[in-house]
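In this text, residue positions in the sequence shown follow our numbering: the first is 818, and each later residue adds one.
One or more hints might be untrue.
Pairwise CB distance ranges, derived in the manner of DEER restraints [to be verified]: (1) 862 with 819: 38 to 44 angstroms; (2) 825 with 855: 20 to 26 angstroms; (3) 848 with 822: 29 to 35 angstroms.
Calculated from the structure, these hints are not laboratory results.
Everything numeric in this text was worked out from a predicted model, so none of it was measured.
Glycine residues also receive a C-beta, built at the ideal position from the N, C-alpha and C atoms.
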Amino acid sequence: MLLALPASMALLTGCQNVKPWQRGTLADYTMKQDRDPTSGALNEHIWFSRETAAGGKGVGGGGCGCN
């Protein structure tokens, strides 16, 4: 029973086919996660400083916050 809920959730979710007329809506500027490059860079800096690690996004150095 304990594994039934996560297994059913995984099976019920999935990929959705996008119709050609829906692609314009999904390609809209407001749908982008990185609309504001300044806040994106700040969030990445905070993330890597808190995680005391760097990498994966092209950032080099340690986790001292001095990147």
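- Query: Falls inside 29 to 35 angstroms, the C-beta gap from residue 848 to residue 822?
  - Reply: Given about 31 angstroms between the Cβ atoms, the range holds.
- residue 862 paired with residue 819, Cβ distance criterion 38 to 44 angstroms: Because 40 angstroms falls inside the window, the suggested range holds.
- Query: Is the hinted range of 20 to 26 angstroms satisfied by the C-beta distance from residue 825 to residue 855?
  - Reply: violated (42 angstroms)
The structure fails hint 2 only (numbered hints given earlier).
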